[in-house]
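The task is simple: from the sequences and hints, build the whole structure.
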Amino acid sequence: MKNCTQCGKELVDDAVVCTNCGCSTSVMKEDKVSIGLCILSFFIPLFGIIYWPLMRKETPKKARACGITAIVSWVVTFVTSFLPILFLLLLGAAA
Numbered sequence: 074m075k076n077c078t079q080c081g082k083e084l085v086d087d088a089v090v091c092t093n094c095g096c097s098t099s100v101m102k103e104d105k106v107s108i109g110l111c112i113l114s115f116f117i118p119l120f121g122i123i124y125w126p127l128m129r130k131e132t133p134k135k136a137r138a139c140g141i142t143a144i145v146s147w148v149v150t151f152v153t154s155f156l157p158i159l160f161l162l163l164l165g166a167a168a
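Just so we're aligned: the sequence shown equals residues 74 to 168 in our numbering.
One should not assume that every hint holds.
What the hints assert, rightly or not - Okay, derived cross-link-like pairs now, DSBU-like style, lysine-lysine, Cα gap no bigger than 35 Å in a straight line:
| id | residue 1 | residue 2 |
| --- | --- | --- |
| 1 | 105 | 134 |
| 2 | 82 | 130 |
| 3 | 134 | 75 |
| 4 | 75 | 130 |
| 5 | 105 | 75 |
| 6 | 105 | 130 |
| 7 | 82 | 134 |
| 8 | 82 | 105 |
Since the hints were made in silico from the structure, they are not lab data.
The structure is reproduced here in structure tokens:
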């Protein structure tokens, strides 16, 4: 048997809501931003892009952080890949 977290009444183990106060008995998932998931999203941006829509209702902070990290990763990749090429093309055109 478990007890209600709001009113303290004893509940049946498979109860979804408290029969006394109506409070939900399910424990919400902890939604802290995970550094590990952010690092994974940075190095594998596809993971972050897929993780965001799948988990945005259950753990919105984690999902949003992974999505943003994946987008930042793509921007960093674009800048570090194409900006030097553009610079070399401009240097070649000026010479």
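Hints versus structure:
1. 105 to 134: 6 Å, holds
2. 82 to 130: This hinted pair holds, its Cα atoms lying about 30 Å apart.
3. 134 to 75: Status holds; Cα separation ~29 Å.
4. 75 to 130: At roughly 27 Å apart (the allowed maximum being 35 Å), residue 130 and residue 75 satisfy the hint.
5. 105 to 75: Holds, at about 26 Å.
6. 105 to 130: It holds: about 14 Å lies between the C-alpha atoms, which stays within 35 Å.
7. 82 to 134: 32 Å, holds
8. 82 to 105: 30 Å, holds
Checked against the numbered hints above, the structure breaks none of them.
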